[in-house]
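A.B. asks: First residue of the sequence shown: 72, per my numbering; consecutive thereafter.
Quick caveat, the hints were computed from the structure, so don't treat them as lab data.
What you are looking at is a predicted structure, and each value in this text was computed from that prediction instead of being measured.
From the three backbone atoms N, C-alpha and C, an ideal C-beta is built for every residue, glycine too.
Be aware that a few hints might be false.
[As the list claims (entries may be wrong)] Restraint ranges, calculated between C-beta atoms of paired labels, are given here:
1) Asp236 with Thr320: 22 to 30 Å
2) Lys225 with Leu336: 31 to 39 Å
3) Pro175 with Glu95: 20 to 28 Å
4) Asp397 with Pro210: 21 to 29 Å
5) Ala318 with Ala166: 44 to 52 Å
6) Asp397 with Ser332: 22 to 30 Å
7) Ala111 with Gly203: 26 to 34 Å
8) Thr93 with Ala270: 39 to 47 Å
9) Glu95 with Ala162: 20 to 28 Å
10) Arg275 with Leu198: 36 to 44 Å
11) Gly281 with Gly203: 42 to 50 Å
12) Ala206 with Gly281: 38 to 46 Å
13) Arg94 with Asp236: 47 to 55 Å
14) Leu110 with Arg272: 22 to 30 Å
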Amino acid sequence: MTHALDQATAGRFAALTLGHLTREWPYKLDQTLGGPGDLALPKTLHPIFHGSYDWHSCVHGWWQVMRLARLFPAMPEAAAVEALADRMLVAERAAGELAYLARPTTGSFERPYGWGWLLALHDELALRPDRGWAAAIEPLARAFAARFADYLPKLVYPVRSGKHDCTAFALVHALRWARTHDTALATLIEARAREWFGADRDCRPWEPSGEDFLSATLCEAVLMRDVLGTSFEGWLSAFLPDPFGAATTCLRAPALVSDRSDGRLAHLDGVNLSRAWGWRSIADALPDPARARGIANAHLAEALPHLADDYMGEHWLATFALLALDA
72 MTHALDQATA GRFAALTLGH LTREWPYKLD QTLGGPGDLA LPKTLHPIFH GSYDWHSCVH
132 GWWQVMRLAR LFPAMPEAAA VEALADRMLV AERAAGELAY LARPTTGSFE RPYGWGWLLA
192 LHDELALRPD RGWAAAIEPL ARAFAARFAD YLPKLVYPVR SGKHDCTAFA LVHALRWART
252 HDTALATLIE ARAREWFGAD RDCRPWEPSG EDFLSATLCE AVLMRDVLGT SFEGWLSAFL
312 PDPFGAATTC LRAPALVSDR SDGRLAHLDG VNLSRAWGWR SIADALPDPA RARGIANAHL
372 AEALPHLADD YMGEHWLATF ALLALDA
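All chains should be modelled from the sequences, with the hints used to inform the complete structure.
C.D. replies: In C-alpha cells:
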C-alpha cells in the first residue's frame, strides 16, 4: 500500500493537533532554576508554546498545522487553525517567549531540537506574508539563529543519537531556514556538516536504541543531501555502499512498540515515521528507488494506525507523519 498526503489525512492530523496545542496539562518543563523567582506556571513562562506536553512538541505542532492549512486551505480545520494563529502567534506573546530565553540559565534550553523546529516554524509562516504571524515570530527565530551561530563552531563532535540532541536532524531544519533568512548561518551549517560527515564511509548502523525516535543514520543522509546537492549521490554510495544488504538490515525492519502509554517507549513509533521520511528523502539517489519507497511504506504502515493511541504519542506523532508523507 502506498501512503499519500491528501485533504482527508491532512484534516485528521490537524484535528488531532488542534486538540492539544493549547492543552496545558500534563506538561514537561525544560528548565534550570536560577532562583525561587524562576518558578512559574508553563503558561506564564511560555505564552505561546505551553501546550502539547512540552515546548518543542508545541512548536512543531504549530509547524504542522500551519503547513497543513497552507497546503489544504479548503479543509474544514483550516479556518480553526488560522483563527488560533491570529490569537496566539502575536508579538506580545512572542516577547514573553524571548523574555524566557533572556534568563541566564537558558543557554542550552531545547538545544538543538527545539531550535531547529522553531526555525522551521518561522520558515513556514513566512510563506504567508499576507498575515502577521511570521513577523511576530521572527525575533524569536533570530534569537535561535544566533544561538546556532554561537554553538556550532564550538561543537567539536556532532551528536549522533536518535533523540533530541541529534545534530543532523536539527540542522536539516536550520539549513532550510537559513538559506532564505540568514546566508551566513547557511554557510556555517554547510561547512560544519562537511567537516563532521563529509568523510563518513561504509556505515554500519546499530539502531534503534530502545527509546530512540529518530534514525541517526538517515538523518545524516538527509542533511548531506541538502548540503551536497548534485554530489550527494557519490557521497551516499560511499556512506551506504550496500543499502539493501546485511549491514543495513536494522534500517529496513520497522521498530516494535511494546507500550504506547510509556512516553519513552512510544518514541519508537517516531523511529518508524522518521525512517519513512529518511528513506523517501534519499530514495532517488539509491540504486533501487522503488525498493526504498517500499521500505518507507512498511514503516508508515506500522506507525500510522497508532498516532492517537495514547497522549504520550498523540502530542507529537502527527508532525512526524506529516514529515514522512510530505517528503
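A.B. asks: With reference to the structure, classify each hint as holding or not holding.
C.D. replies: Against the structure, the hints:
1. Asp236 with Thr320: 22 to 30 Å: holds, 26 Å
2. Lys225 with Leu336: 31 to 39 Å: holds, 33 Å
3. Pro175 with Glu95: 20 to 28 Å: Distance hint for Pro175, Glu95 holds at roughly 26 Å.
4. Asp397 with Pro210: 21 to 29 Å: Distance hint for Asp397, Pro210 holds at roughly 28 Å.
5. Ala318 with Ala166: 44 to 52 Å: For Ala318 and Ala166 the Cβ distance comes to about 51 Å; the hint holds.
6. Asp397 with Ser332: 22 to 30 Å: holds, 28 Å
7. Ala111 with Gly203: 26 to 34 Å: holds, 27 Å
8. Thr93 with Ala270: 39 to 47 Å: 46 Å Cβ-Cβ, so the 39 to 47 Å window holds.
9. Glu95 with Ala162: 20 to 28 Å: holds, 22 Å
10. Arg275 with Leu198: 36 to 44 Å: holds, 39 Å
11. Gly281 with Gly203: 42 to 50 Å: holds, 44 Å
12. Ala206 with Gly281: 38 to 46 Å: Given range 38 to 46 Å: holds, Cβ gap about 43 Å.
13. Arg94 with Asp236: 47 to 55 Å: violated, 26 Å
14. Leu110 with Arg272: 22 to 30 Å: violated, 50 Å
Hint compliance for this structure: hints 13, 14 are not met, and every other hint is.
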